[in-house]
Amino acid sequence: MSDTHAQTVSFVRETMLPEAEPPVGNRGAILWMRENLFSGWFNILMTLVSLYVIWWALAHTMPWVFNGIWNAGSLTECREIRNATLGEGASAACWAVLGDRWQQLMFGFYPRELYWRPVLAFVIFLVAIAPVLFAGMPRRALWITALSPFVMFWLLWGGTAWFPVSIALGFVLGWAALRALAPIAGPLVAVIVAAALPIIYWFYTAGPLARELEQVVALRIEYVPSQDFGGFMLSFIIGIAGIILSLPLGILLALGRQSDLFIINKISVGFIEVIRGVPLIVWLFTASLLLNYFLPPGTNFDLMLRVIIMVTLFAAAYIAEVVRGGLAALPKGQYEAADALGLDYWKAMRLIILPQALKISIPGIVNTFIGLFKDTTLVVFIGLFDPIGLSNAIRASVEWNGIYWELFVFIGLLFFICCFSMSRYSLYLEKKLQRGHN
Amino acid sequence: MTTTSDAPKAGFRPSQLIYDTRYRSLTIQVIAFIALMLGLSWLVSNTVANLSALGKDFDFGFLGQRAGYDINQRLIEYDSASSHGRAALVGILNTLLVAALGCVLATIVGVLAGVLRLSKNWLIAKLMAVYVEGFRNIPVLLWILLIFALMTEATPQPRDFREGGGASMIFGDTVAITNRGVFVPAPAWGNGSLILLIVLVLSLVAVWGWRRYAHKTQEETGRILPIGWGTLGLLVVPLTIAFLALSMTSGRVTQPIYVAGGIEGASLAEFGAAQQGINACAVPNSTESLNLRRALRAEGLRFNVVPVTTAEEAIAAAEAGRCNILSLPASTDAATVPAGAVALSDTIQRGSPVQFESPVLGGFNFEGGLQLRNSLIALWLALSLYTGAFIAENVRGGILSVSKGQTEAAFALGIKPSRTMRLVILPQALRVIIPPMISQYLNLTKNSSLAIAVGYMDARSTLGGITINQTGKELEGMLLLGLFYLVTSLVISSAMNLYNSRVKLKER
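Protein chains in written order, with my numbering: chain A, 1 to 438; chain B, 1001 to 1508.
Next up, chain A with everything else stripped away, as it sits in the complex (with noise of 0.2 Å):
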């Protein structure tokens, strides 16, 4: 039997044959775009379609951003250019613009000497703000992230560093009296104390304290009025104070309407419905018409403040609903999990719940930042030069009369990059923070 095999089979092969190359129709470029652009009729339909608007648009759009006219010092210079060299007629952006005025697209009315300073302020800003958001720096460098905010504060309106000093001292003082009275009295007088002190002590104390520690020691440098902010500056330092100022206060607002205390969540509930009822815009309008109303005769304060706390309130108000949907999402075993361990309310919060519930919330509270930042265009209507009031200002000058779409388009893109990084981030975090076991 063994030489049978000899005879009816002439070959055997006794090696494999190389892997081959898939067919040319089933492998690399090819396969993927008939698998992703011509699976069948429909689909070689709208592959067309979306070609048709893709080729649409750029046709439209390309030659005016490419053939843009950069060095002009105004619209008919750029027209007279644009007619020289390209011929009458022709689609040309005039970005020359943005060369011109970019500082008050920027800046608003800043003095242009003092420029350092918001730009060191916003340095401080990244340094502070990066503990926070990257987990891998070193946590002493919270403390710097704690005093940016009034350091910051002294270098966009300046004059004298001892009025922000002694408003950071009324902190301190709550904090001495949470600390010094929480082992005497019990948490509860504690905490009462706490915020009470602060409050009374700036009311009364901080603004004759300040000026006192100025005889004594000057430390000024030029005093910038509200008024001659404008421009992305703006922008930035009133969305960055409400995203700052209005997490604390939502956080509370969500335990309020979280809480079993009768009294204290229909006050939560009332607030939040009735700031997020109602449009921002009639909230600005409130700040600007009415606020003075609401405070003792005779006290008038700064426009640009009236809207921070207004704009605060109001992101508060949504991040309260994002929380709440965060604390409600996580088991109830949780909550008996803390109070099994016998934690007080607080520690509870601080320790088992907030940690969790937070995490579910980022995203939402993302998105109400990024809500929030985009919302700063607002303030135009009552009267502060944000991105598009300074384009308006723009457009009223002789030189740059009739410009629109280059403003538009810069504004627009500076808005972009903020408004994409920040949900960007907020991928990463969520992705970071997951605990799950996929």
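No wet-lab data here; the hints were simulated from the structure. Beta carbons are placed, not taken as given, at the ideal position from N, Cα and C, and that holds for glycine.
Not everything, but these chain B residues come out facing chain A in the computed CB check (under 8 Å):
hint, residue
1, Gln1029
2, Met1478
3, Tyr1485
Position chain B against the provided structure of chain A, taking the given hints into account.
Same frame as chain A, now just chain B:
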């Protein structure tokens, strides 16, 4: 916390107010209540002091006063002699109009974009991603201004539509896009439009009955009746038949044109040539007035329209000399024809139940048709596209939230793909999609207050804008405005809660 220890035997001690959980919550609430009341009374006393210092009072009497300003966009009758309250109502209706239009378009755009972003076609998925990210990350105010600038700066002027002007109307000379707004055909209602409405209602009832019957049949016998085609047929066929029948019969009826101060039996052209000015009495939005105007335009005559509400009023107006041309049904008794009026040789048709009047280029602007102002269009488009981007994300999330196993299970049961979508996927996805979608509607309604950017006269511009400036009643005006938005929001969100409780999964 809710834990309670064993009740102490001893009597009540003041320190329990702080240390005993049973009393502590009461203490906290009382303190919070006192703080709230103190704060409120501080605000109220400040307001009272400030108002008296300014010599103002707090009353809403200004709503009854004469407004004295014009509103170019209005859904109800209004002129500058109307009251501030009426102006506020016009504004509120305008807000609701743009909100309703915006919600409809945003839903369509959002659902389309959301579904297409999940498409297997790579190109279209990426295109939709660009749309969504672009609109979500740029302020809506910028979009409103951008679209408004597009509408006013990049569209032709009405005079460009003349011969050789370089612009032309679209959709068969029915729609004109100009820098003064978009002109679209307006419906005019004629004889038998009521019958048409009745037919429509009857077919809706029939559709309802057919769907019930189909469901019942399927429950009992398992036989599946064509619900979709049946619905379509029941809606379209009777309406078409009724419309055609009415157009053939009463639509073909002609009626004479009566004129004052003309020669009996003369043609319209001869009458027009003999007259100084032509004033036509006509009921607005009726096919008769539309056909009369068409006849006059066909002769190249210029004329004014005197609006009246009924045929009797038209006769009275003609006798009073306010108009010198009108058309009455042929069946009208000769005695009621206005004194001194004679019939011309030309006649007009009574017209179909519904006809559409296309805009035509008049002296300086388009006449006839419906003018949609640029402010409305820009606001509407910008709000819809902006909100649509958010809705697209909700829709995508909702569809992704239904696990693939559901589709596979439905296929395993032998259910067709279209029916799988309708009966298995959509009901589950909608539960996730609808609540955030309604809150997007809420956002759209609130964002419509950005009408201020384009000069659209919404509630904020009338009640919270010009009225406040004219009467100096900031406090009352802003209060009413806030109340309007608050009530709208609460109504929409309570509708959402109702829906939520209906579709909630029925758990143990």
